[in-house]
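Asker: Order-wise, the sequence lines are chains C and U. Quick note, the first sequence lines up with residues 1 to 374 if you use the numbering used here. Quick note, the second sequence lines up with residues 1001 to 1284 if you use the numbering used here.
Hints are computed from structural coordinates only; laboratory data are not their basis. Here the structure is a predicted model, which means the values were calculated and not measured. Be aware that one or more of the hints could be misleading.
Residues of chain C clear of chain U, computed beta-carbon distances all greater than 10 Å [said to hold, decoys possible]:
1) A17
2) N71
3) D104
4) S106
5) D294
6) R327
7) T361
To give an idea of the chain C side of the interface with chain U (calculated C-beta under 8 Å), a few residues [what the hints assert, rightly or not]:
8) T87
9) D103
10) G110
Yeah, the Cβ is synthetic: ideal placement off N, Cα and C, and Gly gets one too.
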Amino acid sequence: MNGTEARLARIRGRALAKTHNARTIAALASNPGCARRAILDAAGVDKQRVAAYAGFPAPFGQSGFALARGNAFEAQVKADGAAELLTLLREHLDLPIPQAHYDDLSEVGGNTSLDLRHARTRTLLARAAGAQTDAGTMFDHPLLRLEVGGRHAFLEPDLIAFQLHGRFTIVEIKSFPVIDGQADGGKVAAAAIQSAVYVLALRDALAEQGLPPEAVSDETILVCPRDFSNRPVATSLDVRKQLTVLRRQLARIARIDDLLDLLPNDLTFDLDPDGDGVPRRSPADLADAIRRVDARYAPECLSSCEMCFFCRDEARGCTAALGQDAREELGGVEHVQTALRLARGGDVPDDLAEAADLLRTAARLRADVLKEAV
Amino acid sequence: MTESVESLERRISQVRTAVREAVLAGDKERASALRRELRQAEQDWDDALAHAQHEEAGRETPGQDRGGAVLAGPASAQGPQAPLLPLREQVHEALSLLTVPAAPRLIATVHEAFFAGTFPSARLTSLKRDEERSFRTAPFARPYYICAALTADLLAPARGLLAISTWPMERRVIGSLSPRVDFLTGAIRVAEAIERLSAPVPAARRLLWRFAASIPGATESAGSMHPHEVTQAALAELAVHQAADQATRQAAARRAREQLDEAQQLFGTRIQLATQARQARGER
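In isolation and in its complexed conformation, chain U is listed as follows (with noise of 0.2 Å):
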């Protein structure tokens, strides 16, 4: 089942493609067939993935990962409230709140604790690939990617940190600062998040804890822990930071536009060549 599953998904991203085609080719006609088509096809990837829910749904294995592809279903269906978004978009929904790039381990929890669905952080692993292979074969064709931040060093994928591509590329690039500038964003944007609650969230303070243990000043116990604390003492040391943050994300973001093309922004580069090159000097 899942193979037709990616068979249409194939075509609908080829049926994209040809669709902008047309119409920047100004044929009309041809391009609302093709238009016919494509919605034909979504058509039949929802009837599809739709059977194939309701085959998992009778057996324990999660669904294969397909990133955007699979909905988050069996997997969290163990959960009360079982999210019937993709994937995909429950780490932009994750990461959006967070405002800057994070490992899969803590979308997850973010997630879990304002979003009140659950998935395996071991699913995103699967996901960055998936985006990138998407966005090569057809560019620019959704509203965003889950993309990589880039190390401010050598601009290739910082390891095991997840972003969004419609941010700007200061905010992806992360220098040796960054880990902790963002952590302390991290903290900020889950305390505010807290206050926004109606009523008071387990989960969710759990999470700002973990964030409060490591902020100096920033609480004494998880009892007496209070949001506006925690916001004020993370605000107190990010003065510390950035400046010097800021000035290495800057010019690390405008060499990459210089520097880079459009798939290497979202995704880095890696330096195979350049080791090899290397290695051969070491030879010489």
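For reference, chain C alone in the conformation it holds in the complex (with noise of 0.2 Å):
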């Protein structure tokens, strides 16, 4: 164990870690700024419980019923040597009839380590990639590594789809309905920035084995269930967009040994739990300890982390907490009451003489709407 994976082990304390996943990548790909969130999620801190633990649990994480409905579309779909899936590439990719090949990699040898997993989905896209005749057409829930913030992820997509002589596609299952050729566009775009994850990881893993980025397509396919029903319906993504911004915010996401520099050795989220593992420590000290490590906080972060209440809390009054569009505005202007007195014309600092000007600008047009209103 070096040094870093210590300290990082000290400030998850005794609790066991969380790893990362292709939601959790996306996530913080979406906030590649925020310390907190890159320092909680490299230790493998339950962030959930931490949050509730300091007074601000966050409602979040996926139902139970949606997990189920999505298992259940999934199973569905893979069923008998995955035959419906079949039927969809055949359509989408133009997959030859010989092409029917089906391996399971969700378990090697009645074993589900996760190395052994690694090395088993390494070993037959390498084979895939290198035969000369048809060797592997689907692979079920191969098992994937990418490096994030200096340490390996395991991630799994649901699919990878190999043609022949030609690429490997990422197939992404999801239970939200397609209808009318039309689905929900959050859930598209969550499900294209994760499915853009996987495209980088299965780069990450063909790198190794020689093979050029273009051997994995950067369009991804997406499976979900058409109208009302359970039939399932193939659509093709295209994620350049969101590979271009994940492969620069996941080099932007400082590494993490920069970040460790700069907090306190004694740094721990541990909740030092007694024997029956209920914590002893008081949520006053954890919420200060949080507070040590420097949040961005952004509304957008309500829907993607579970520290988010305790966040927006501590970032009352900044306007930060306004959104990205008022902080671009107000660059410069950290707090709302700093650029209230700005608008009413008190001292302006030379650097933000700018700033002010347009908020008293502001300021005056509000007053002028204001009273025609009267």
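Make the complex out of the two chains shown on their own, each in a separate frame, by following the hints.
Answerer: What follows is the structure in structure tokens.
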């Protein structure tokens, strides 16, 4: 265990480590400047638990019903050697009839160890890519790895499809319906960024085998129920834009060592549980520890981060809490109080002159409008 | 009540082993005495079970899953005809119709469509484990066992597939093309079974439609589906895959017969030690 890992283990405390998954990477990529999330995720802290104990439980996570529905739909399209999926892939990728191989990678020889599955995934993918005859078409639940913030996270796409002498394609199965060819935009966007995470991870895996990134298609396939039925329908998703965003933001996620250097050595989010697992640490003390790591709150966090209520409470009175647009317009003005003071004509420091000008204009306009309305 | 059924089962299997040993040792007197004891124990078992079923009928909760031991009564009592066959025999019926390894859900659907009795597929999860335990205590005491299909590469139990022990090994090993081949074979068997039926059964046609929808050229729609056309389409695709699949399966079956002991041939091997060895290598 090297120094970084030891520090992260100390920060996590005695709780079991939570690992990154495609969802958390997508969420992390949407707010790469947030050191708090980066540290908590890198250390594998159970954010839900910590936030709840510090007094800000987030109504967050997938509902049990949604999970059950998702699993049932996935099981259905993958039943009997993924028969329904194969039909869709034959239509969509023009898969020739002989390519109907199906490899189950969710366990290796009755063993579900992550390292074993990852090794096996790499072997099978390499064999498929290098083979002259068909040796693999559908890979069910392969296990890939992606480096995030200096650490490896295991990722499990629903399916990888491979066309001989062609390309690998990521297939993502989601249970939200496509009604009359239309699906919920937000959900499709989330599925697209998640698929992009998988594309990146698959390209990494193939690069180790000396294969170019073009071996993985930047069009992924999204499989959803059609209309109000259970029949699956496949749609192509172009994730080139998401890939660019993701790559840039993964690079920007400051390397975890640099972040750790700024933090006190004794920092920990351990809840200090007694023999029965009941926390003994005082919530206020835990909250203090959390505040030592800088957060970068934005209203978007409310839909993607378990710490959101804590950070929102902390950011009260900051212009950042008003949203991305407000923060950009008010560049340099950090607190709402400052903004109000500038608008009312208080002392203006030189570097804020421009912002103050804008604010005063806005205040005058508002006053005029209100006067007319009265 | 279940306790005593279970202890009776243990006794029955012990007595069976004793009978076998006595017969093989040539001790006729002892063998016939043991046989009487065995018949008595089996009679007790039947009585105990009938009693248990009687008790269960008053309650809503289905009987405890004990694989071959429990009648498929309470869980399927909601259906019009509750079959009085043990669960393992119902599974055997459905698998014999399909002639290929299948997942619990498909087995349940096939049984519902052709044998007019249904059971929740979740009940099959413990069946394989019970069969394995039974085989290990008294090998080959039963005419057949519900066992695992083996993966062709590692000869491990294939996830979620059940098979019958009397099938040739070639049919029970699963290569990467085998799921598709078995799917097509299953479709053909279901279509043939439908053609044998004297009157149309909606559940059976629904089942065939599930297959036909995923076979190219099988049918245009559920309404115009014809079993004969489904068979033709399935045979056409089967011809493409069969040679490659057979080669894989025969090689794997040969390996399985050479390398595995009897229990492993039925229930597969698991790589525990190999993992540890691999981890040890990785650390070095």
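Asker: Determine for every hint whether it applies to the structure shown.
Answerer: Verification of the supplied hints:
A17/C, annotated as away from the interface, keeps every beta carbon of chain U farther than 10 Å; the closest lies near 18 Å. In this structure N71/C is separated from chain U by more than 10 Å, as the shortest Cβ-Cβ distance comes to about 13 Å. The claim that D104/C is not at the interface with chain U is violated, since a C-beta of that chain comes within 10 Å of its own (minimum 6 Å). For S106/C, the condition that its CB be more than 10 Å from all CB atoms of chain U is violated, with the nearest at approximately 7 Å.
Consistency note on D294/C: stated as away from chain U, and its beta-carbon is indeed over 10 Å from all of that chain's, at 37 Å minimum. Against chain U, the non-interface label of R327/C holds: every CB pair exceeds 10 Å, the least being about 47 Å. Once the 10 Å rule is applied to beta carbons, T361/C is consistent with being away from chain U; the minimum gap is 65 Å. Hint status for T87/C relative to chain U: holds, with the closest Cβ pair at about 5 Å, below 8 Å.
Given hint, D103/C at the interface with chain U, holds; its Cβ is 5 Å from that chain's nearest Cβ, closer than 8 Å. Residue-level restraint check for G110/C holds (minimum Cβ-Cβ distance to chain U is 4 Å; threshold 8 Å).
Of the numbered hints given earlier, the model fails hints 3 and 4; all others are met.
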